[in-house]
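If you're matching them up, the sequences are chains Y and L in order.
The numbering of the first sequence is our numbering, which starts it at 1 and goes up by one.
The numbering of the second sequence is our numbering, which starts it at 1 and goes up by one.
Calculated from the structure, these hints are not laboratory results.
Because the structure is a prediction, the values reported are computed rather than measured.
Beta carbons are placed, not taken as given, at the ideal position from N, Cα and C, and that holds for glycine.
Please note that a few of the clues may not be correct.
[As the list claims (entries may be wrong)] Taking lysine-lysine and the DSS-like style, the derived pairs with C-alpha atoms no more than 30 Å apart in a straight line are: (1) Lys60(L) to Lys5(Y); (2) Lys74(Y) to Lys280(L); (3) Lys224(L) to Lys296(L); (4) Lys203(L) to Lys14(Y); (5) Lys487(L) to Lys514(L); (6) Lys5(Y) to Lys224(L); (7) Lys280(L) to Lys57(Y); (8) Lys35(Y) to Lys203(L); (9) Lys35(Y) to Lys205(L); (10) Lys224(L) to Lys205(L); (11) Lys224(L) to Lys35(Y).
[Unchecked claim] Stretches of chain Y that chain L covers, calculated by requiring three or more beta carbons in the stretch to come under 8 Å of a beta carbon on chain L: (12) 18-27; (13) 55-69.
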Amino acid sequence: MKTLKDCKKACKVKVIKLHASTDLKQRLISFGIMKESVIEVLEHSPAKSTIEVKVGKMRIALRAQEAQLIEVQKI
Amino acid sequence: MNQMQEKACPIIANHIKIALVGQPNVGKSMLINSVSNAHLHVGNFSGVTVDKTEVLFDYKNYHFTVVDLPGTYAFTDYTIEERVTHDYLCAESYDLIINVVDSTNLEKNLQLTSELMSMSKRVVIALNMSDEADKEGVVINAEYMSELLGIPCVKVSAVTKTGIEELLDAVVSVSEQETQESKLIFSEPVEEEISTIVDYLTKHKYKAVNSYRNVAINLLKNNKKTYAKLHDDPIWIELQPILIEASKHIELHHDSDDIKESFAEEYASFNRGIIAEVLKQEVIEEKKTLTEKIDKTLIHSIFGIPIFLFFMWSLFQLTFEIGSIPMDWIDAFFSWFGDTIGATIPNEDVRSLVVDGVIAGVGAVILFVPNIIILFIGIALLESTGYMSRVAFLLDGFFHKFGMHGQSFIPLVTGFGCSIPAYMSARILKNDRDRLLTLFIIGFMSCGARLPVYVLFAGAFFAPEMAGNILFAIYISGAMIGLVAAKVLKLTAFKGADEPFVMEMPKYRLPSAKLIWHTVLTKTMMYLKKAGTFIAAASMLIWFLSNYPHNLMIEEEYATKIEMALSKDAKTDLANEQAVAHLEQSYLGKIGKFSVPIFEPLGFDWKMSVALQTGLAAKEVVVSTLGVLYALGDNVNEEDNSLKTAISKNIPFASAVAFIVVIMIYLPCLAASIVFTREAGGIRYFFYLLAFTSIAAYSLAFIAYNVTLMLT
Ligand SMILES: Nc1nc2c(ncn2[C@@H]2O[C@H](COP(=O)(O)OP(=O)(O)OP(=O)(O)O)[C@@H](O)[C@H]2O)c(=O)[nH]1
Ligand SMILES: [Mg+2]
Numbered sequence: 001m002k003t004l005k006d007c008k009k010a011c012k013v014k015v016i017k018l019h020a021s022t023d024l025k026q027r028l029i030s031f032g033i034m035k036e037s038v039i040e041v042l043e044h045s046p047a048k049s050t051i052e053v054k055v056g057k058m059r060i061a062l063r064a065q066e067a068q069l070i071e072v073q074k075i
Numbered sequence: 001m002n003q004m005q006e007k008a009c010p011i012i013a014n015h016i017k018i019a020l021v022g023q024p025n026v027g028k029s030m031l032i033n034s035v036s037n038a039h040l041h042v043g044n045f046s047g048v049t050v051d052k053t054e055v056l057f058d059y060k061n062y063h064f065t066v067v068d069l070p071g072t073y074a075f076t077d078y079t080i081e082e083r084v085t086h087d088y089l090c091a092e093s094y095d096l097i098i099n100v101v102d103s104t105n106l107e108k109n110l111q112l113t114s115e116l117m118s119m120s121k122r123v124v125i126a127l128n129m130s131d132e133a134d135k136e137g138v139v140i141n142a143e144y145m146s147e148l149l150g151i152p153c154v155k156v157s158a159v160t161k162t163g164i165e166e167l168l169d170a171v172v173s174v175s176e177q178e179t180q181e182s183k184l185i186f187s188e189p190v191e192e193e194i195s196t197i198v199d200y201l202t203k204h205k206y207k208a209v210n211s212y213r214n215v216a217i218n219l220l221k222n223n224k225k226t227y228a229k230l231h232d233d234p235i236w237i238e239l240q241p242i243l244i245e246a247s248k249h250i251e252l253h254h255d256s257d258d259i260k261e262s263f264a265e266e267y268a269s270f271n272r273g274i275i276a277e278v279l280k281q282e283v284i285e286e287k288k289t290l291t292e293k294i295d296k297t298l299i300h301s302i303f304g305i306p307i308f309l310f311f312m313w314s315l316f317q318l319t320f321e322i323g324s325i326p327m328d329w330i331d332a333f334f335s336w337f338g339d340t341i342g343a344t345i346p347n348e349d350v351r352s353l354v355v356d357g358v359i360a361g362v363g364a365v366i367l368f369v370p371n372i373i374i375l376f377i378g379i380a381l382l383e384s385t386g387y388m389s390r391v392a393f394l395l396d397g398f399f400h401k402f403g404m405h406g407q408s409f410i411p412l413v414t415g416f417g418c419s420i421p422a423y424m425s426a427r428i429l430k431n432d433r434d435r436l437l438t439l440f441i442i443g444f445m446s447c448g449a450r451l452p453v454y455v456l457f458a459g460a461f462f463a464p465e466m467a468g469n470i471l472f473a474i475y476i477s478g479a480m481i482g483l484v485a486a487k488v489l490k491l492t493a494f495k496g497a498d499e500p501f502v503m504e505m506p507k508y509r510l511p512s513a514k515l516i517w518h519t520v521l522t523k524t525m526m527y528l529k530k531a532g533t534f535i536a537a538a539s540m541l542i543w544f545l546s547n548y549p550h551n552l553m554i555e556e557e558y559a560t561k562i563e564m565a566l567s568k569d570a571k572t573d574l575a576n577e578q579a580v581a582h583l584e585q586s587y588l589g590k591i592g593k594f595s596v597p598i599f600e601p602l603g604f605d606w607k608m609s610v611a612l613q614t615g616l617a618a619k620e621v622v623v624s625t626l627g628v629l630y631a632l633g634d635n636v637n638e639e640d641n642s643l644k645t646a647i648s649k650n651i652p653f654a655s656a657v658a659f660i661v662v663i664m665i666y667l668p669c670l671a672a673s674i675v676f677t678r679e680a681g682g683i684r685y686f687f688y689l690l691a692f693t694s695i696a697a698y699s700l701a702f703i704a705y706n707v708t709l710m711l712t
């Protein structure tokens, strides 16, 4: 399973499934991260612990642990 | 609900109460500021407003009450601030909702709108940031959108103040209409299930406040309240299997096992439909937006943190350098003012109370206003440009190692200004454990009121070129100690799993000078007001305690000694000696002497011990106490009686270091402690904080004192 965590900088992917718990899933969905949405990885923080992604027009910061719960597919 | 409004109408005929709802950082607070003359706190990050605030204003023949609510992404109770909004919308009475949306990011904002639409309330949509949308070439057909949604949509801009009147007119006309059934349409399977449930409810003539459609949607969405209500109804027995069947059907359709996710998808596809109809992107977007270009440098994985540290360092350099320019003038002004006022007061005791008590105490605090202003400007820039979230992003990995959450950075930075709003803003943290941990650490971020102490001591012991660096070092080491303390707490008191970190990064915005001006002005006025009231009163109290009781024996003894002295110098020395002897036997002197054994291992004399204790009331009082104590003991020496000189003369360096360490760590002021106790949710947390900070302050100061003694 490929997740958002494995994505390199500047790569664009499509979300397949969210494996997060209910609360976190709700939050991701309200940020626009849901099935079928397209995510672009913008930046890594030092040591790759946090990443910045772009969904639609919005930039979102999330930790590697959370990125790991987002199953994606390359497009 | 409707009945209640009908009853209430005649009494408050021209009164409209509006709840302002929207996602975070869409400009709700700013919109209120632009329709009224309120000065609500505005900042370019999510979670500026964390509590509800009411603002009143008049427009045409109407009295408006607008309630500014914390931003919320969706109707979940993810964080405390979101719970505030959700509870307000469900439980309080108001006439209508203004849903503020960000026109430049309509699709995301409509997620919340569609949830609002299923609440059967009157709604007006404010398409805010239309100035930015124009610049980005986003064109929205507001009329068509109003038609499609069945909700008036008005383009506004809180910055340029356009469309405000139209918005208020729309509000007035909507408030006079009946609530309309929303035009929200779901996919076929969902609509099918809704009508099954509606049919069932109609058949059984279920009594509901809202429409059956509404009840049905809420049931399908698993809404707790609706569930609880129906659960006690006899029809539940038959209804339940229908619901289970319906949920299965919908989940199957969405290929998901989570009904909430399915509904989110329903909303999203409805919104996509709306967007396709009403929104046109005229200018093709550039490949990289300005924000992305700036981010390339500012959150660079290697240079990001050094750049941040450089900004901080510059801020403290400026605080000291620029702040010390007007200092001499203020100092000169207060000694002139003291002399002038003093000359008009014949009674010696009253004169001393006014000059050595109030003027010396308040003057010592006002002296640092320039420094404080620069610090406030720095914080305001951090808040309003959008850099705040970037630093939270940069530091998250680092914070995480210490058991903190990246988002804790926001309350922590607020803490550099004042701890009270910082305690409040910890509400943006989802998890109670993280929030408590952050609450405990906020005190380690030295608040603006402690800045005077640092500036005073840095100026007294270091050359002006170094003092800025020292200031920076003090703040950074405070923060470091805070992080270590966080780790200790995380390993002991607040054990537990890590919470997710997901945060919106706003686009960079050039803050308007007016906004910065208002933010800084409000905070500075608060500081001045405190100096004029609280600090003045405290200075008087300290003057009394340090002047009484009068001891006639000492007075007589010195009177004869001074008479017998030969040279003028000897007379001055004796007068000084008398003042000191008098001070030492005063009430305050006795209190100080009493506590000296406790503070002796840290190298504090009784004046410092007293200053620390008075600092528990407010940190500014530390400086004003020192001001009063040294003004009284030293007032014979007229050549240079600035507090700075008095301190460098009377306090050994090692004691000064230990003193700074205690100031850095020990209990926040009274007002902040009260807010802390409220936000933490219990008096016992206050005692934990008291114990925790006292032990940490004492032991670190002890180490600092002895290490400095060894080194110097
Ligand atoms: N260009 C532009 N910027 C705006 C407008 N309205 C608000 N802003 C900016 O948007 C940012 C957020 O404004 P706030 O009023 O704090 O937003 P809020 O919705 O109250 O945010 P929370 O309290 O966090 O929910 C600030 O930087 C404002 O300067 C607008 O109409 N045009
Ligand atoms: Mg706000």
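To see whether the hints hold, each was checked on the structure:
1. Restraint check for Lys60(L) and Lys5(Y): the C-alpha separation of about 56 Å exceeds 30 Å, so the hint is violated.
2. Under the criterion of a C-alpha separation no larger than 30 Å, the hint pairing Lys74(Y) with Lys280(L) is consistent with the structure, at around 28 Å.
3. Between Lys224(L) and Lys296(L) the alpha-carbon distance is near 44 Å, which puts this suggested pair outside the 30 Å criterion.
4. At most 30 Å may separate the alpha-carbon atoms for a hinted pair to count; Lys203(L) and Lys14(Y) exceed this at roughly 45 Å.
5. Note on Lys487(L) and Lys514(L): the hinted pairing is violated, with a Cα-Cα distance of about 40 Å set against a maximum of 30 Å.
6. For the suggested pair Lys5(Y) and Lys224(L), the alpha carbons sit about 34 Å apart, so the restraint of at most 30 Å is broken.
7. Restraint check: the Cα-Cα separation between Lys280(L) and Lys57(Y) comes to about 14 Å, which is no more than 30 Å; the hinted pair holds.
8. Restraint check for Lys35(Y) and Lys203(L): the C-alpha separation of about 38 Å exceeds 30 Å, so the hint is violated.
9. At most 30 Å may separate the alpha-carbon atoms for a hinted pair to count; Lys35(Y) and Lys205(L) exceed this at roughly 39 Å.
10. Our distance criterion of 30 Å between C-alpha atoms is met by Lys224(L) and Lys205(L), whose separation comes to about 22 Å.
11. Straight-line distance between C-alpha atoms of Lys224(L) and Lys35(Y) comes to about 25 Å, which keeps the hinted pair within the 30 Å bound.
12. Counting residues of the segment 18-27 of chain Y whose CB falls under 8 Å from any CB of chain L gives 8; the rule of at least 3 is met.
13. Under a criterion of three residues with beta carbons nearer than 8 Å to beta carbons of chain L, the stated coverage of the segment 55-69 of chain Y is upheld, 10 such residues being counted.
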